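Asker: In order, the protein sequence lines correspond to chains A and B.
With the working numbering, you'll find the first sequence wraps up at 239, consecutive numbering, no jumps.
With the working numbering, you'll find the second sequence wraps up at 239, consecutive numbering, no jumps.
It should be emphasised that the hints constitute simulated quantities derived from the structure, not laboratory data.
In this text, all values refer to a predicted model and were calculated from it rather than measured experimentally.
Some clues are possibly wrong.
It does not matter which identical chain is used: a pair holds within one copy or between any two.
[Claimed, not checked] Distance condition first, Cα-Cα at most 30 angstroms in a straight line; then the derived DSS-like pairs of lysine-lysine: (1) Lys108 / Lys209; (2) Lys212 / Lys108; (3) Lys175 / Lys108; (4) Lys212 / Lys40; (5) Lys40 / Lys108.
There are 2 protein chains.
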Amino acid sequence: MSNPTAAMIVIGDEILSGRTRDSNMHYLAGQLTEAGIDLKEVRVVGDERGTIIAAVQAMSQAYDYVFTSGGIGPTHDDITADCIAASFDASIDVRDDARAILAEHYAKSGTELNTARLRMARIPEGADLIDNPVSAAPGFRLENVHVMAGVPSVFQAMVASVLPTLTGGAPLISKTLRIERGEGDIAGPLGALAEEYPLLSMGSYPFQKDGKYGAHIVIRGNVEEDIDAALVKLQAAFA
Amino acid sequence: MSNPTAAMIVIGDEILSGRTRDSNMHYLAGQLTEAGIDLKEVRVVGDERGTIIAAVQAMSQAYDYVFTSGGIGPTHDDITADCIAASFDASIDVRDDARAILAEHYAKSGTELNTARLRMARIPEGADLIDNPVSAAPGFRLENVHVMAGVPSVFQAMVASVLPTLTGGAPLISKTLRIERGEGDIAGPLGALAEEYPLLSMGSYPFQKDGKYGAHIVIRGNVEEDIDAALVKLQAAFA
């Protein structure tokens with residue numbers, strides 16, 4: 001049986017302009033792999049309503065789980081929640097449960113819950129809230145789309161809230177063999193091995209360091225015995 | 001007149017599994033912004049023929065320039081060149097000009113130009129080669145798609161080879177104002193300012209450091225006078 005599939009949508013002009021270096025993709029990729037969920041595709045899009053809605057609709061249909069990061073703050077360029085609602089023809093407004101969370105949070109610091117902050121309580125009808133232990137303003141899940149913040153500490157906390165609710169598969173096992181030979185010498189035996197083990201995924205990642213050439217060969221799969229057997233054969237080919 | 005648009009396709013299972021952290025997206029984003037080319041979308045896909053072809057075809061039609069990274073090495077999982085050819089119904093085979101480059105490079109070190117290494121001379125018919133001063137094996141451009149290596153040092157060298165061939169627009173100017181107020185207090189005045197200057201893009205990026213809350217407000221556009229005027233108004237709102 002194959003693992004559940006997932007996609008991610010990273011939302012924000014600041015990533016595409018090169019101002020901010022996204023770190024949420026790499027974090028989520030590692031977490032999903034550990035959980036046995038195969039991340040199949042990531043799209044990075046700007047703060048543009050049409051582009052966001054098109055990406056959400058396409059990926060929500062194509063994959064079991066979708067995760068978004070970014071665009072759920074209080075400012076005018078935070079349009080993710082409204083785009084998600086529009087993607088599923090759901091209505092959206094300030095919701096009492098989300099407003100109560102914000103009200104309690106801001107009361108502690110005597111901060112006014114003004115119109116801008118109330119934007120963060122705009123939640124589509126039918127969505128479940130995602131807990132935000134860092135800064136209170138919740139994410140949410142609508143259908144199979146999990147909407148989370150872009151700030152890495154908040155994103156990571158929300159991923160931790162979400163992971164236990166997902167159905168994972170067999171965790172992907174990954175083993176690496178370092179071979180100090182040019183990638184062009186490794187390619188032949190590696191290709192033959194890949195044909196022999198069609199259920200394993202084999203990747204070659206070349207390095208060049210201190211005048212030494214070589215590649216890290218990574219073999220991934222769900223059955224550890226097969227991975228180990230393939231590694232032994234690969235090692236023997238370069239002994 | 002609006003700037004030329006661009007998209008990027010990052011190709012590689014190792015990015016989606018979380019094994020490797022991509023750095024090429026951030027690098028290209030910065031280079032394109034400096035050149036006045038607007039990066040509108042990035043897709044990260046695995047080493048899967050159907051997915052790669054679909055992404056190439058969609059983005060090649062939607063944007064002025066497309067850039068890919070990854071999947072042009074000598075191993076069996078390097079399928080990018082064949083996918084690009086298939087995307088445009090072009091034939092592909094080992095090409096004499098690319099073979100000559102590899103032959104000269106490997107002759108220097110007395111390395112055999114074997115079948116695997118010859119894969120790197122597979123270039124679609126009608127493509128122009130992209131110079132690779134780091135490790136010789138060339139990238140190529142077919143139609144508006146620029147195919148480059150995934151190894152960051154090679155990718156960056158290829159970007160340097162490609163940039164002078166592109167038609168840029170007005171470089172995006174970006175200025176930042178640091179405001180030590182909660183983002184929820186900034187949102188109102190910032191939203192009004194964004195309406196007043198529809199040609200400028202204004203983003204708010206909150207921070208929380210050493211107990212201080214605030215946001216970096218980034219105003220981007222092509223006309224420096226407008227950006228400066230907007231910054232003065234924003235500053236006045238929080239004086």
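Asker: Have a look at Lys212 and Lys108 and pick one of within, between, both or neither, based on CA distance no larger than 30 angstroms.
Answerer: Answer is between: at 16 angstroms across copies they meet the 30 angstroms cutoff, but 58 angstroms inside does not.
Asker: One pair to classify: Lys175 and Lys108, alpha carbons no more than 30 angstroms apart. Within, between, both, or neither?
Answerer: neither (49 angstroms within a copy, 34 angstroms between copies)
Asker: Is it within, between, both, or neither for Lys108 and Lys209, if the alpha carbons may be no more than 30 angstroms apart?
Answerer: Intra 53 angstroms, inter 19 angstroms, cutoff 30 angstroms: inter-copy only.
Asker: As a check of your reading, is Lys40 near Lys108 (CA-CA no more than 30 angstroms) within one copy, between copies, both or neither?
Answerer: neither (42 angstroms within a copy, 40 angstroms between copies)
Asker: With identical chains treated as interchangeable, where does the CA-CA distance between Lys212 and Lys40 reach 30 angstroms or less: within a copy, between copies, both, or neither?
Answerer: neither (33 angstroms within a copy, 39 angstroms between copies)
Of the numbered hints listed earlier, those contradicted by the structure are 3, 4, 5.
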